[in-house]
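Could you slot chain B onto chain A? The hints should help.
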Amino acid sequence: MDLDVDVDVRELLPQQGEFVMIDRLRYFDETTIVSSMTVVGDNIFVDGDVFTEPGIIENIAQTAAARMGYIGKYIDKSGVKLGFIGEIKNLFIERCPRTGEELTTRIEVTTEIFSTVMIQAKVNAGNDLIAHGSMKIAVIAS
Amino acid sequence: MKLKDDFFKILNINKYSDKIEYTVQLDAAHPIYRYHFPENPVTPGVCIIQTVKELVAENVDSGLFLQKIARIRYFRVINPVDNPIISVSLDISDVEGGYNVAATVFSGETVFSQLSLLFIITN
Numbered sequence: 001m002d003l004d005v006d007v008d009v010r011e012l013l014p015q016q017g018e019f020v021m022i023d024r025l026r027y028f029d030e031t032t033i034v035s036s037m038t039v040v041g042d043n044i045f046v047d048g049d050v051f052t053e054p055g056i057i058e059n060i061a062q063t064a065a066a067r068m069g070y071i072g073k074y075i076d077k078s079g080v081k082l083g084f085i086g087e088i089k090n091l092f093i094e095r096c097p098r099t100g101e102e103l104t105t106r107i108e109v110t111t112e113i114f115s116t117v118m119i120q121a122k123v124n125a126g127n128d129l130i131a132h133g134s135m136k137i138a139v140i141a142s
Numbered sequence: 143m144k145l146k147d148d149f150f151k152i153l154n155i156n157k158y159s160d161k162i163e164y165t166v167q168l169d170a171a172h173p174i175y176r177y178h179f180p181e182n183p184v185t186p187g188v189c190i191i192q193t194v195k196e197l198v199a200e201n202v203d204s205g206l207f208l209q210k211i212a213r214i215r216y217f218r219v220i221n222p223v224d225n226p227i228i229s230v231s232l233d234i235s236d237v238e239g240g241y242n243v244a245a246t247v248f249s250g251e252t253v254f255s256q257l258s259l260l261f262i263i264t265n
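First to last, the protein sequences are chains A and B.
The working numbering applies: residue 1 is where the first sequence begins, and numbers increase by one.
The working numbering applies: residue 143 is where the second sequence begins, and numbers increase by one.
Okay, chain B solo, but in the shape it has when bound:
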């Protein structure tokens, strides 16, 4: 599944010395929200993982496989109607054969989720 330019689109990118910060817009009319959940749209936790994966892929020249979730914490659910615009900050560090990624999904002072992931280079 590819979510970029469908489920979400990138509005803005800010690169800092230690992180990259994306501003993305969620499409509350996306079919996924008809089913998750009926009349109660909530961004699926797994779609947040996939969004982070696709944003990491924007920064590397290889395919990625999510081999390990060290930890993900979902503090608050994202309702795409109430919070259509969210920020995702990425701290990507090289490890042998892949990348460690620390990501935070937030809006202003509100932190929705924090992810610590290991991706392996697939090609």
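Isolated chain A, as found in the complex:
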């Protein structure tokens, strides 16, 4: 199943309010998901006009969680899940984006065993690759 339309991620994530760190779901298939987010000044991870490192990492984790949420809501109808970061490995941050920049985060699922998902992430701001690395997410029913 491909998804090239917009989905409001708040339907897909257990995180709420100011801790939601993606705006839209842009693409979905079995192993790939793409999210987008515009960095705004009142984001809790923005210092001055800089979107700081934890915000970038949370953006990656929530993109992976939105994939599980999408599956739970629209595909197997098992409901929205809680996702926890189990492991982060070889994650590099090239630069922190500024307010006004739009982030596009692409995640490829490399392994999925029961409720554990290994992903490879690339975060772009425009044409710049600003962060990349791998993460393991553990998922439980919420």
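Incorrect hints may appear among the rest.
Straight-line alpha carbon distances no greater than 25 angstroms define the calculated DSS-like cross-link-like pairs of lysine-lysine that follow [stated by the list, open to error]:
#  : chain 1 : residue 1 : chain 2 : residue 2
1  : B       : Lys161    : B       : Lys151
2  : A       : Lys122    : A       : Lys89
3  : B       : Lys210    : B       : Lys144
4  : B       : Lys210    : A       : Lys122
5  : B       : Lys144    : B       : Lys161
6  : A       : Lys136    : B       : Lys210
7  : B       : Lys210    : A       : Lys89
8  : A       : Lys122    : A       : Lys77
9  : A       : Lys122    : A       : Lys136
10 : B       : Lys161    : A       : Lys89
11 : B       : Lys161    : B       : Lys210
12 : A       : Lys73     : A       : Lys136
Simulated from the structure, these hints should not be mistaken for lab results.
Structure of chain B alone, referenced to chain A:
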């Protein structure tokens, strides 16, 4: 974002020859826990990273940028109601242009997470 004296506060510091050990108190009433997650407060993994960064910054005279996460393992989630007081040990070593940091977040015998991070000096 700055978490010190808001999301957490430092209760105690012990310096050893090879590491620094902080005892910190988490504020379970912090607004972040209203959203992460509703009615199920869990300390966000990224806030643990930021806490370690701010504790490292207490020991160096420069700004820091987290350039690389070599590895972080989160073994157990931290519920700030059940575990309001946690310990963070830091082993900081100089590398060219920055610091390698090995950190462990624990309480007694329970290890919550282990972090291996590279920070670059920004000013």
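Going down the list of hints, with the structure as the test:
1. Lys161(B) <-> Lys151(B): 19 angstroms, holds
2. Lys122(A) <-> Lys89(A): 13 angstroms, holds
3. Lys210(B) <-> Lys144(B): 20 angstroms, holds
4. Lys210(B) <-> Lys122(A): 14 angstroms, holds
5. Lys144(B) <-> Lys161(B): 23 angstroms, holds
6. Lys136(A) <-> Lys210(B): 16 angstroms, holds
7. Lys210(B) <-> Lys89(A): Between Lys210(B) and Lys89(A) the Cα gap is close to 9 angstroms, so the pair holds against 25 angstroms.
8. Lys122(A) <-> Lys77(A): 28 angstroms, violated
9. Lys122(A) <-> Lys136(A): Holds, at about 15 angstroms.
10. Lys161(B) <-> Lys89(A): 23 angstroms, holds
11. Lys161(B) <-> Lys210(B): 21 angstroms, holds
12. Lys73(A) <-> Lys136(A): Holds - the C-alpha atoms of Lys136(A) and Lys73(A) are around 21 angstroms apart, at most 25 angstroms.
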